[in-house]
Amino acid sequence: MRPLKTLQKLYDEESQVVITEKGSPPRALFYGEGFLQEDLPVGTRVIFPRPPMAGVPNVKAAIRWAINHPEGMEPLHALLKPGMRLTCVIDDISVPLPPMVTPDVRQSILEVVLELAADSGVDDIHLVIANALHRRMTEGEMRRMVGQKIFDEFYPDRYYNHDAEDPDGIVALERTSHGEEVSVNRRVAESDLIVYVNVNFVPMNGGHKSMGTGVSNYASLRHHHNPKTIRASDSYMEPKASALYRSNERIGRNIDKHLKVFHIETSLNNRMFGGPTDFLAKKEEDYTEGDRLKFQAMRYALSKMPRAAARKVLSAVPAPYEVTGVYAGATEPTHQKTLETSWKQYVVPVEGQSDIVIFPIPFISPYSVNSILNPLLVQVMGLGYFFNLNRGVPLVKKGGVLILLHPAYDEFDPEHHPSYIEFFNRLLPETRDSMKLEHKYEKEFAENPSYVHLYRKGNAYHGVHPFYMWYWGENGRQHVGKVIVAGAENNHVPALLGWDRTDTLTEAIEEARGFMGRSATISLLRIAPTVMVDVK
Amino acid sequence: MPPQKAAFFDVDGTLVKTNVVHVYAYYAMNRGSVLGIAGRTLSTALSVPLFGVMDALDRKTFNEFFYRYYAGLSEDRLITIAEDMFEDVLQPALFEQSQDLIDQARRSGCKVVLVTGALDFTMRPLARHLGADDLIANKMQFVGGKATGKVIPPIIEGANKANAIRAYCVKENLSLDKCHGYSDSASDYAMLAVVGRPTAVNPDLRLRSIARAYNWPILDLK
Numbered sequence: 000m001r002p003l004k005t006l007q008k009l010y011d012e013e014s015q016v017v018i019t020e021k022g023s024p025p026r027a028l029f030y031g032e033g034f035l036q037e038d039l040p041v042g043t044r045v046i047f048p049r050p051p052m053a054g055v056p057n058v059k060a061a062i063r064w065a066i067n068h069p070e071g072m073e074p075l076h077a078l079l080k081p082g083m084r085l086t087c088v089i090d091d092i093s094v095p096l097p098p099m100v101t102p103d104v105r106q107s108i109l110e111v112v113l114e115l116a117a118d119s120g121v122d123d124i125h126l127v128i129a130n131a132l133h134r135r136m137t138e139g140e141m142r143r144m145v146g147q148k149i150f151d152e153f154y155p156d157r158y159y160n161h162d163a164e165d166p167d168g169i170v171a172l173e174r175t176s177h178g179e180e181v182s183v184n185r186r187v188a189e190s191d192l193i194v195y196v197n198v199n200f201v202p203m204n205g206g207h208k209s210m211g212t213g214v215s216n217y218a219s220l221r222h223h224h225n226p227k228t229i230r231a232s233d234s235y236m237e238p239k240a241s242a243l244y245r246s247n248e249r250i251g252r253n254i255d256k257h258l259k260v261f262h263i264e265t266s267l268n269n270r271m272f273g274g275p276t277d278f279l280a281k282k283e284e285d286y287t288e289g290d291r292l293k294f295q296a297m298r299y300a301l302s303k304m305p306r307a308a309a310r311k312v313l314s315a316v317p318a319p320y321e322v323t324g325v326y327a328g329a330t331e332p333t334h335q336k337t338l339e340t341s342w343k344q345y346v347v348p349v350e351g352q353s354d355i356v357i358f359p360i361p362f363i364s365p366y367s368v369n370s371i372l373n374p375l376l377v378q379v380m381g382l383g384y385f386f387n388l389n390r391g392v393p394l395v396k397k398g399g400v401l402i403l404l405h406p407a408y409d410e411f412d413p414e415h416h417p418s419y420i421e422f423f424n425r426l427l428p429e430t431r432d433s434m435k436l437e438h439k440y441e442k443e444f445a446e447n448p449s450y451v452h453l454y455r456k457g458n459a460y461h462g463v464h465p466f467y468m469w470y471w472g473e474n475g476r477q478h479v480g481k482v483i484v485a486g487a488e489n490n491h492v493p494a495l496l497g498w499d500r501t502d503t504l505t506e507a508i509e510e511a512r513g514f515m516g517r518s519a520t521i522s523l524l525r526i527a528p529t530v531m532v533d534v535k
Numbered sequence: 000m001p002p003q004k005a006a007f008f009d010v011d012g013t014l015v016k017t018n019v020v021h022v023y024a025y026y027a028m029n030r031g032s033v034l035g036i037a038g039r040t041l042s043t044a045l046s047v048p049l050f051g052v053m054d055a056l057d058r059k060t061f062n063e064f065f066y067r068y069y070a071g072l073s074e075d076r077l078i079t080i081a082e083d084m085f086e087d088v089l090q091p092a093l094f095e096q097s098q099d100l101i102d103q104a105r106r107s108g109c110k111v112v113l114v115t116g117a118l119d120f121t122m123r124p125l126a127r128h129l130g131a132d133d134l135i136a137n138k139m140q141f142v143g144g145k146a147t148g149k150v151i152p153p154i155i156e157g158a159n160k161a162n163a164i165r166a167y168c169v170k171e172n173l174s175l176d177k178c179h180g181y182s183d184s185a186s187d188y189a190m191l192a193v194v195g196r197p198t199a200v201n202p203d204l205r206l207r208s209i210a211r212a213y214n215w216p217i218l219d220l221k
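Taken in sequence, the protein lines are chains R and F.
According to numbering that gives the first Met the number 0, the first sequence is numbered sequentially starting from 0.
According to numbering that gives the first Met the number 0, the second sequence is numbered sequentially starting from 0.
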């Protein structure tokens, strides 16, 4: 007979951790552009996201309060001087996911800041998107992010994407104590004041990473976007456990020494689904009859659509995120406040690791907004992002099995991810060793004139970006004993990625149990919305 | 350390919006005498449908046939007119982003080489303007200072472009596998296939489909 304590835990309505029993409902799980409905073995621990925190009642009032009561700096109005050169640096489209309903919080911040700047006699203002080596945002995306009024006033001469390959557009600052190069966008470096407009989607965003990465170039990024740094990071989401964060911190402190940066950071709740899809955030135990019908209808409709159409349908629903906090001021104290709110929303404490962990992979990633989740991005979602959604201790045991749910189709977007295609088809058949890939091919891809051209003039990710995606999965790859992609529609994609494949989740669990033993413990991270685990 | 790789650029349609017909038309229009201008312009105009058919069928035959129209023009005049022709025809037709692409190739450590089926004297001003290190182009045969209308073999076209690139790499001690190739036309398939890093630029339908099949990057120069 189960002790009362265990029973209480199993039936605690507030708990985000549910242990599967005989009568538990099947789980609604993301599977690329579709959904699966799966019964899980009895005993499987299902970890749900926390319910969304309440948003601030008046976002603009919260922004005004934050910039008037900043952390470790004078209020913004005291920093603005007539005739000064002001640059607002803005997070790019990679956050939040999916893009939020308009007005985007970046628009709200800019409306407040630009009005204040105009009142203070500041005319020389540029808006620079901190896309680093990400693709340039399109005109339509840029308009949506800041609203028509700001767009009309600033685009294209004073509202543009950062260009990390502009030979005249980058300034080198002094190196860090570890010899890391520090490069910054010239306009940013030559400004009297920089206002960084951040959206903190996951704890990895913001802080020193904003400037240290967002307006930098390959020469600087290669000091922390490399397999060695990634292997030394236990979690990208926990600053104390991340060598990546520490490198960005050194670079960011150097930037703060030379430039005056006023950060405005915002945290969002996890209300990822609104309107007709809001039931997706619920536990299946709480589904109403209507929710079940909606889910079945949506699952059926998406399964019958061509994949591109399903992608369009899913991308067409913006997320009704709400702002849970606005913080402003100097880099570190501001970011500390943001992190606290972020963890409060995302972190679910769980007892112990599992032998087998299941990650459903949705249709979107930070690098595939309005594009395709290609095999390398499936890899980065599983072994990079989801594996790292913890505070230093991964959910899966060392040598355990990760099961990813995704069709693993062999599709790439040649406009956004041209260098990914070559990386996947030419390099991965030769080696999956990150160190070898870095040593032998990284520079060649980074300097390939075609890829540089596509990054600068088109809407392509930088030539080196697929390497970063591969490195991003490095600590996950080093940690797990096996990856199985359940529902993969072909053999060659999993094979090239070094994974096993099965047709169904049940088969994947059987194979994983064969690898880990019949008594292997199983956890499912019921994502999305976003959830992070704090493994005790 | 000297460069170990090169970027080979086709010219017509890749870096400039023109083709050999535009260049020849300029020469025809600058024949020197009213009768000459009229004669050459008229005969060129009348031959346009023929050019179109031949170009579509076989670029090599087209070039061989086409260069006959230069017969009788003097060498010094051809060279002199080339400078004006560059300013009047080629420079305005350069894609704005061509120079960026070439500069990027140089920054990545490549020698910049233009490979074209056009005649060398017509392309030299362009090569100088773009800062190219070398030019692989067709050479007109001159006898007694007059063009014979024949090109000194091998004609730089189709598979011969690939041969010329290979020979250039051997001569310059470059690694063919590390070299880049840029072209707009499926007729340059051999040139693109011989280098390790091919790229289709503003490709025609056939080349676009080849590039998609082989996962070559596709650039749309503007």
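Just so you know, the hints here were simulated from the structure itself, not pulled from any lab data.
From the three backbone atoms N, C-alpha and C, an ideal C-beta is built for every residue, glycine too.
Hints are supplied without guarantee of correctness; some may be wrong.
Derived DEER-like restraints, expressed as beta-carbon distance ranges [stated by the list, open to error]:
{"id": "1", "chain 1": "R", "residue 1": "His-438", "chain 2": "F", "residue 2": "Ser-73", "range": "34 to 44 Å"}
{"id": "2", "chain 1": "R", "residue 1": "Pro-305", "chain 2": "F", "residue 2": "Asn-172", "range": "19 to 29 Å"}
{"id": "3", "chain 1": "R", "residue 1": "Lys-397", "chain 2": "F", "residue 2": "Val-169", "range": "30 to 40 Å"}
{"id": "4", "chain 1": "F", "residue 1": "Ala-212", "chain 2": "R", "residue 2": "Ser-14", "range": "45 to 55 Å"}
{"id": "5", "chain 1": "R", "residue 1": "Tyr-154", "chain 2": "F", "residue 2": "Glu-95", "range": "18 to 28 Å"}
{"id": "6", "chain 1": "R", "residue 1": "Ala-171", "chain 2": "F", "residue 2": "Glu-95", "range": "21 to 31 Å"}
{"id": "7", "chain 1": "R", "residue 1": "Ala-117", "chain 2": "F", "residue 2": "Glu-82", "range": "36 to 46 Å"}
{"id": "8", "chain 1": "F", "residue 1": "Arg-106", "chain 2": "R", "residue 2": "Arg-174", "range": "19 to 29 Å"}
{"id": "9", "chain 1": "R", "residue 1": "His-438", "chain 2": "F", "residue 2": "Lys-221", "range": "33 to 43 Å"}
{"id": "10", "chain 1": "R", "residue 1": "Glu-152", "chain 2": "F", "residue 2": "Asn-172", "range": "50 to 60 Å"}
Take a look at whether the Cβ-Cβ distance between F/Arg-106 and R/Arg-174 falls inside 19 to 29 Å. Holds, since F/Arg-106 and R/Arg-174 (Cβ atoms, about 22 Å apart) stay within the stated range.
Indicate whether the distance between the beta carbons of R/Ala-171 and F/Glu-95 respects the range 21 to 31 Å. At roughly 28 Å between Cβ atoms, F/Glu-95 and R/Ala-171 fall inside 21 to 31 Å, so the hint holds.
Could you say whether the range 30 to 40 Å given as a hint is met by the Cβ separation of R/Lys-397 and F/Val-169? violated (53 Å)
That 50 to 60 Å hint for R/Glu-152 and F/Asn-172 (C-beta), does it hold up? Cβ of R/Glu-152 to Cβ of F/Asn-172: about 55 Å, so the range 50 to 60 Å holds.
Distance restraint hint 19 to 29 Å, applied to the beta-carbon atoms of R/Pro-305 and F/Asn-172: Violated: the Cβ-Cβ distance is about 51 Å, outside 19 to 29 Å.
Note whether the CB distance of F/Ala-212 and R/Ser-14 lies within 45 to 55 Å or breaks it. With Cβ atoms ~53 Å apart, the hint holds.
Is the hinted range of 34 to 44 Å satisfied by the C-beta distance from R/His-438 to F/Ser-73? Hint violated: Cβ distance 58 Å, outside 34 to 44 Å.
33 to 43 Å as the expected CB spacing between F/Lys-221 and R/His-438, which holds or is violated: Given range 33 to 43 Å: holds, Cβ gap about 36 Å.
With respect to the beta-carbon atoms only, verify the hint that R/Ala-117 and F/Glu-82 lie 36 to 46 Å apart. Given about 53 Å between the Cβ atoms, the range is violated.
Using the C-beta atoms of R/Tyr-154 and F/Glu-95, is the stated range 18 to 28 Å upheld? holds (20 Å)
Of the numbered hints stated above, those contradicted by the structure are hints 1, 2, 3, 7, listed in ascending order.
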